[in-house]
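Kindly produce the complete structure, drawing on both the sequences and the hints.
Those sequence lines, one after another, are chains A and B. Counting from 1, one number per residue, gives the positions in the first sequence under UniProt numbering. Counting from 1, one number per residue, gives the positions in the second sequence under UniProt numbering.
Some hints here could point you the wrong way.
No copy is singled out in the list; a pair is fine if it fits within one copy or between any two copies.
Think about it this way: if two alpha-carbon atoms lie no more than 35 Å apart in a straight line, the pair counts; the simulated DSBU-like pairs of lysine-lysine are [claimed, not checked]:
no.: 1; residue 1: Lys57; residue 2: Lys22
no.: 2; residue 1: Lys57; residue 2: Lys14
no.: 3; residue 1: Lys14; residue 2: Lys26
Just so you know, the hints here were simulated from the structure itself, not pulled from any lab data.
2 protein chains.
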Amino acid sequence: MPSNLESAMQMLIKTFHKYSGKEGDKYTLSRGELKELLIEELGSYLGNSKDNEAVEKVMNDLDANNDGEVDFTEFIILMGALTVACNDFFLDKPKEDSAAKTD
Amino acid sequence: MPSNLESAMQMLIKTFHKYSGKEGDKYTLSRGELKELLIEELGSYLGNSKDNEAVEKVMNDLDANNDGEVDFTEFIILMGALTVACNDFFLDKPKEDSAAKTD
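Now the structure itself:
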């Protein structure tokens with residue numbers, strides 16, 4: 001049985017390919033595939049991902065080599081940044097709550 | 001219910017804290033905690049992680065700010081690199097197999 005970290009890695013790989021394989025280059029996310037992934041997989045994190053402008057911004061931020069596609073490495077950079085942001089959010093919450101109590 | 005990507009992110013966060021919380025600074029991995037994580041969670045990827053030298057190398061590679069600890073961001077960089085390596089391995093495999101057949 002895979003460990004937790006192995007499962008997390010497999011899930012990242014499988015989910016990327018679930019969307020990247022839909023059209024065009026099987027190993028990269030087109031704009032449409034990225035939008036679908038953002039809405040279906042990260043809707044609760046990137047609330048306004050239905051908004052084309054938000055998707056355009058994420059696309060431009062991710063598309064480091066400017067080929068109009070998001071490859072796996074660029075995708076992992078997004079996921080890493082989101083995961084660090086989540087971790088920081090859950091760590092800061094108790095600190096903020098206790099600070100609020102002492103005010 | 002969390003999506004696949006949300007589950008993967010949560011698993012990365014929970015697993016890091018499972019080990020980082022054991023001794024010293026609750027939010028960073030000491031050498032001992034890192035070794036335990038590598039053996040228990042990534043043993044099949046980093047086969048020789050029982051070998052102190054291998055752990056030392058991973059520690060030095062990860063410990064970007066040289067504080068002798070691995071923080072969450074440094075951990076995510078490791079996980080990102082491993083996940084990209086895994087993805088490349090599984091993508092190259094079919095290409096190698098088909099190349100081997102044509103030799």
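Structure-based check of all given hints:
no., hint, result
1, Lys57 with Lys22, "within (22 Å within a copy, 40 Å between copies)"
2, Lys57 with Lys14, "both (24 Å within a copy, 29 Å between copies)"
3, Lys14 with Lys26, "both (13 Å within a copy, 32 Å between copies)"
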